[in-house]
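In terms of the working numbering, the sequence shown opens at residue 1 and continues consecutively.
In case anyone wonders, no lab produced these hints; they're calculated from the structure.
Any given hint might turn out to be false.
[Claimed, not checked] Simulated restraints, written as ranges between beta carbons of each label pair:
| # | residue 1 | residue 2 | range |
| --- | --- | --- | --- |
| 1 | L30 | T113 | 13 to 21 angstroms |
| 2 | Y103 | D71 | 19 to 27 angstroms |
| 3 | K74 | G41 | 29 to 37 angstroms |
| 4 | Q38 | A73 | 28 to 36 angstroms |
| 5 | S115 | G53 | 35 to 43 angstroms |
| 6 | S69 | R44 | 19 to 27 angstroms |
| 7 | Q108 | L10 | 17 to 25 angstroms |
[Said to hold, decoys possible] In silico DSBU-like links for lysine-lysine, alpha-carbon gap of 35 angstroms or less:
| # | residue 1 | residue 2 |
| --- | --- | --- |
| 8 | K85 | K42 |
| 9 | K85 | K63 |
| 10 | K42 | K75 |
| 11 | K63 | K75 |
| 12 | K74 | K85 |
| 13 | K85 | K75 |
| 14 | K42 | K63 |
| 15 | K74 | K63 |
| 16 | K42 | K74 |
Computed from a predicted model, the values in this text were never measured in an experiment.
A virtual CB, placed ideally from N, CA and C, is assigned to each residue, including glycine.
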Amino acid sequence: VQLQAYGGGLVQAGGSLRLSCAASGIAFTLYAMGWYRQAPGKQRELVARMSNGGSTDYADSVKGRVTISRDNAKKTMYLRMDSLKAEDTAVYYCTVYLPGTGYNYWGQGTLVTVSS
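Between the sequences and the hints, there should be enough to build the whole structure, so can you do that?
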């Protein structure tokens, strides 16, 4: 199983980025998925998640600015981020999991830096 996250980078405050995470080695449509982030000196936190049925959940800090989506045909998940703020600076990780099981896989992380 492999999750390859990419799309991070340096962006000015107010700008946008789209993160992608390509999965291989799993039956992608069966898995729920999520994006987490970890800022320096802080714990990893949930940003957004989507069930295999398409229902979504967002952290309060990103609601209205972030959209999670998936393309099952491409086995790829996305995180569109708009109106970025300095406090969004973090390493962003993608994850897929089968609810109720121990199957949970993580990508390697992609760094997002927002300059103010």
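- Query: Okay, which hints does this one fail, numbers in order?
  - Reply: 1
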